[in-house]
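Let chain A serve as the given structure and place chains B, C and D on it in line with the hints.
Protein chains: 4
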Amino acid sequence: MADDPKPTISMAELLKDSPMNWGKWGDDDEVGALNYLDPAQVLRGVAAVKSGKTFTLQIPVNHPGGDPVWPGRKEAQKFNVMDRGHFACNKGPHFPGALEYSDDVVLMYLQGSTQYDALGHVWYGDQLWNGYDAATTAGSMTKADVFPIAQRGVVGRGVLIDMARHRGKDVLDKGETFTHEDLLAAAEAQGTRIEKRDILIIRTGWIGSFYRREKEEFYKDFLEPGLTYSPELVNWFNDMEIPNLVTDTIANEVTFDPVHGVALPLHCALMRNLGITLTEIAELDPLADDCAADRQYTFLYTAAPLKVVGGSGAPVNPVVIK
Amino acid sequence: MADDPKPTISMAELLKDSPMNWGKWGDDDEVGALNYLDPAQVLRGVAAVKSGKTFTLQIPVNHPGGDPVWPGRKEAQKFNVMDRGHFACNKGPHFPGALEYSDDVVLMYLQGSTQYDALGHVWYGDQLWNGYDAATTAGSMTKADVFPIAQRGVVGRGVLIDMARHRGKDVLDKGETFTHEDLLAAAEAQGTRIEKRDILIIRTGWIGSFYRREKEEFYKDFLEPGLTYSPELVNWFNDMEIPNLVTDTIANEVTFDPVHGVALPLHCALMRNLGITLTEIAELDPLADDCAADRQYTFLYTAAPLKVVGGSGAPVNPVVIK
Amino acid sequence: MADDPKPTISMAELLKDSPMNWGKWGDDDEVGALNYLDPAQVLRGVAAVKSGKTFTLQIPVNHPGGDPVWPGRKEAQKFNVMDRGHFACNKGPHFPGALEYSDDVVLMYLQGSTQYDALGHVWYGDQLWNGYDAATTAGSMTKADVFPIAQRGVVGRGVLIDMARHRGKDVLDKGETFTHEDLLAAAEAQGTRIEKRDILIIRTGWIGSFYRREKEEFYKDFLEPGLTYSPELVNWFNDMEIPNLVTDTIANEVTFDPVHGVALPLHCALMRNLGITLTEIAELDPLADDCAADRQYTFLYTAAPLKVVGGSGAPVNPVVIK
Amino acid sequence: MADDPKPTISMAELLKDSPMNWGKWGDDDEVGALNYLDPAQVLRGVAAVKSGKTFTLQIPVNHPGGDPVWPGRKEAQKFNVMDRGHFACNKGPHFPGALEYSDDVVLMYLQGSTQYDALGHVWYGDQLWNGYDAATTAGSMTKADVFPIAQRGVVGRGVLIDMARHRGKDVLDKGETFTHEDLLAAAEAQGTRIEKRDILIIRTGWIGSFYRREKEEFYKDFLEPGLTYSPELVNWFNDMEIPNLVTDTIANEVTFDPVHGVALPLHCALMRNLGITLTEIAELDPLADDCAADRQYTFLYTAAPLKVVGGSGAPVNPVVIK
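Protein chains in written order, with our numbering: chain A, 1 to 322; chain B, 1 to 322; chain C, 1 to 322; chain D, 1 to 322.
Isolated chain A, as found in the complex (with noise of 0.2 Å):
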C-alpha cells in the first residue's frame, strides 16, 4: 500500500457513532443484511430478467498476465496432476477401456480473486460481526466465517452503477473517490433507479485495467479508487437496506479515507457494523458495455461462494441475468 498516512483517530473513534445491527437478526446470525433477501426480494430480482442474456462477473483465475491481488497475498498456482503426457509416457492409470483423464490441482488465496467475504473477515476492538469475539478467527474462523453466506447464497435485484462511464473515464483514478450522493446521480443520469434492498455493483474500470496496465504500475504506492466514508455514507447504505455491495476493486473503497487517514473504514461501518456483505474484484466491464447499450441498468443477480467452512472469504463466480 501506499505510504501509510497516519491517522490522528482510531476505527473506534471514528465509527463510535455509527449504527449498528448486531441481534437484529438473531445472537447467532452470520449472514447478516443478507437477510433482507427474503423471497419478495427473490421474485422482485427474476421480475428484473427481460432478454435472458446472461454474464458472469469473475475474473480469470491463474491468467497468463497474471492475477490482480491485494499487495501481500500471491497469485494461484496451479497444478496439473494427471494429463496426456502421463499416458502418452506410459505413467498413466490402466482404466478399463482405456479411459484418459486430466486432473489438477491449486494453491489460492480464499480472497485471491472475485470474492465474497465472510462478515467476520475484519474487525475492530476484538469484536466482529454481531458482537462475536475476534479471538474465533485463529486458526479458522468458527463464526461469522464465509461458509453460511455460501450455503444461503445471494440472490435479488441487482443494480449496476458505471461511476467510470459516468464521470467519462476508462478506469477512475488511483485514490478518486465517490460518495453516495455520487451514486445517485449517476444513477439518475443512466436512468437508473436504485431500490431498497437492491444488490449494489459498482463500476470504477479498476481491475479492468490491470490487465492494460504494467502489473509495477498497477500496484506500484497500492490506492485504488472508491467510495469513501461518511456518516451519511453509512446512514443511506442502512436505510436503503443494501444486503451486498459489489465492485470492481479489491476492497470495495478508497484505500485510506481521505479525511482521516483510517484504512477501510467502511469495511468496518458497512460489514462489521451493519452486516453488509462485500464482494470484491468483480469483472464488471463487458457487463456495464452492454448495459451502457440496452439501457437496462437492472436484473437478478445470483452468487454463492464456495462453501468453505472456516473461509474468511471464499472465491465465487456470480451469474447475472437481464
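Heads up, some of the hints might be wrong.
[Stated by the list, open to error] Straight-line alpha carbon distances no greater than 27 Å define the calculated DSSO-like cross-link-like pairs of lysine-lysine that follow:
#1 B:Lys196 - B:Lys53
#2 A:Lys53 - B:Lys196
#3 B:Lys174 - C:Lys215
Calculated from the structure, these hints are not laboratory results.
Just chains B, C and D now, kept in the frame of chain A:
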C-alpha cells in the same frame, strides 16, 4: 476403485457407433451442449420460478468430518495466514486506524468438491471433445478447459429426478444402476415432465450418505450407483438436447459398466462425444426434501464454476430458485 | 493420540525445580546446547572415523506406502510441473539446443519427515527457550526458530544406543519406556561408553516398523515408546552436556509420562529449559545393523536441517561417517 | 532468460562425440560419479580436516528479501498451522500438562533452494543418465531421481576454487565465463591442488549478490556467469573423476554457451552423459572468506539432499568441516 473387472472391449469399440456432436457448434467450440441454453431457455428457466425459495448445491469444503473425493485425490487443506492470533501476539500489520483481519489459503483438487468437468477432462483415442488433440491437456489444458464454461455460465430450467426417493431408499446401493427409462418412470411418479433442454439433476442420496457413513466403508471397493450405459440412453440424452447432467455422485454414472466392465463410458459418450457438461458431487438432499414437500420439481438453475484458466474442472456452488 | 490421561499436575508444576540453561550462552542465543559442539568436539567426532563407511538417516519423503507423521499432520504432496510428458505433447519450453527437463514442487509439514525442532518449537508458561516471549511464534517464529540451528549445523561425535536390540526386540512396544539408567546399561552391553558432549542417538525400532505395519494399527491410540521423564534423567542429560538427542520416533520420548500423565515433558525439560536440540523420525535400522556387526557404535555425525527462516523445525538428512 | 540466441546446432549434434559413462557402474546405477566416492575417498576427506571449523552452504529459504530461483519457478511459501496465537485465542489443542507448540507447512520448488539435481533432471534425445527412458520422468521420476543420491549421501574431500576472488571481483559479470584452465590457474594462485575425485566447489559470487541487488536487475535478461562448454573441459572433468560439481549459481554453468548458443550443454555433457552430480545455489561467500584468511581451500565435505521419492532434485544444506 473396486477390483477392476477385465473388459473384453475398449472404449473406442464400445462407442464406435455412438452419436457425435463434434463440429456442431463450430470448430472452436469449447462449451458443447451448453449452446442449447440460449436466451429462450434462460427465460423458460426464469418462468419456472414460483415462490422465491432458493437452494445452494455445493457440499462443504474443509468439513470437519472430511470431504468426499475420488480415490487418489486428497482432501482440501486450508491454512490461515492472518487472524486475531497474530494481532493478539502483536505480529499483525499495523493499519492506520488499527483495523484487524483474517486471511487464508486453500490447496484443493479442482475436482475435489462439487464441480463442473471441463469438456476435455476425459477422452479416449487421443482426441478430446470436438476433436481437439489430447496432447493439449499436458501441463495445463489449452483446449476445452473449464474456463469457457465458467465464462459462459449455466442458466436454464432445471428438473430434479429423485431416484432414491422413487425407489423408497435413503441412498441407492453401491453399484446400483438406472436407465433413462427409469428416469422417465420416476419423473412420471413425481408428476414431472422432463422437457427438451432441461438441466437434468439426478439424486441418488450417495453424497449425502458420506456424512453418515464410516469413511472406510464409503471408499471400500469404491463403486458408486448411477446411470448405466446403453446406446438408447445416449440417444435419449442427445435427442432431448440435455445441456448439463448434475448428480450427487462423484462421477455421474455407475463406476463400471456392469455389462462390459468398462470404466465411466458415459463420460465419453455424453461428454467427449456429445458435449454434455457434467456436474458432480452436488448436495441435493435439502432440495429433494423441499421438492417432495411442495411437489415442485422444476426451477431456475444458475451455476458458474470458478474461471480457472486451463482447469480440467472447477469447483462450483450452484443456485436453484424455485 | 491415545485417550489422554488426565494429569493432576501442570508442566509448570512438574518442572518447577528442573534445571535451566537460559542465559548460559547469552541473551541472544538460539542454538542452546549446540554451543557445546566447539571445534574440539568436531575434531573428537572426526577422530571416531575408522573405515569410511557412511549412512544417511532420513526416512523417505513421498514414500509409496505413506510417510509417518504426528497425528493431525498430513503426508507430503509432490506435484510435477515439467517432465517428459510435456515435451512428448509439445507443451514444454523450447530451449536452444532442445534440452528437456523435469521439475517439481512439494507441499510438506516442516516436521513431516526426519527433522530438527527449533528450540522454540514447544513451550509452557508463555516463554520459549532462553526466555523469549511465546508471542514471537505467531505467524512465523522470530526467535529461536530453526534457522540458527541450520546456519550453525551439527557436527560432533555420535553414539548409537540400540535399545530395541538391547531388549531383544525388533521394535519396542507402544508406550514402552526407558531411562538414562537403561541407556547406560545398554551402552555397557554394547561395549560403548557415552561420553560428555556426545550426540546421543537412540534406536527403538519404531519408525522402521511403520513400513511393516498397517497404518491404522500404527496410529491407533497413538502412543510411542521412548525415554520417560524423571528429575534424575534431566540432570543426567544436563551434566553430560548432551547437545542433541536423535531418535527413530516422532517425538523423542514416550507420548505421555506414565507417572503424571503429562504429554511430552522432556520436550520442555530438555529443549525449552536446557536448550538440547531434538532430532526426530530418524531412520536408524541400517546403521544399527552395521553397528551390531562391526561393534563400532561411535562415529562422526554431521547434520544441517534446511535453513527455513521462521521454521518451527526443518527436514534434515543427517550423515554418519564411521 | 535472456533473449534466446538461435543455435545452429542441437545438443545431440554438439555432444555427439562427448564421452559417456553409461553402464560403467551397472545397468541399474542412479548415482553415477558418486561411485567414485568410496571409503578411501571418505577417509581422504576426513584427513583434510585441520581445525574443526564448520560451515553450512545452503541459502535461506523464505528470506524476507526473497529467494533466488530460476525464472519461472516461484519462491517458497510457508504457512503456520499452530503457534502461540492459537493458544492466546483459546483455539489450540489441550495437551495434558498444557504444553503449547508451533507447527508449519512449506510449499517449495524442490529446486527452489540450494539443491542436488537428480541425475535424470535434464536430458536430450529421449534418454536420461545411464540410458533410462525419458518417459520415466512423467508424473514423478521413477529412474535416476534424487532419492538414490539422497540415500547414498555425498562425503569426500572438497576443494574450493574462488573464481571471483581470483579475478579480483566481488561477483563475476552476467554471462562471464571460465574454463577448466582458468580453474587450474585459480587453484595455483590459491596454492591449492585439485586432486582426482575431489568434490569441486566453484565460487562466482553470483548468489551472494542476489541479496544486494534489486530483484529486477538480477533477473533481467537472465544470464548467469559460469563454466563454459568445450570438449576439453568435459574430458578434464571425466579424467579427474570429479564426482560432484558445486557452485553458487542457479545452473552451474553459463546460461547459454556463447559459441553455439545452446542452453546448458554442461548439464548434458557432465550430468546426463558422465553422471557427475550437480549442486546448485550454494552459499559460498563466508566459506570463501575463511579460506582466503587461513589459506586452507580443502576440507571434508558432507551433504545429503532430502530423500524425496521421485524428485527431480531436492534441497540440501551441505556441511563443510575444515
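Checklist entry - Tell me, which hint numbers fail for this structure? => result none
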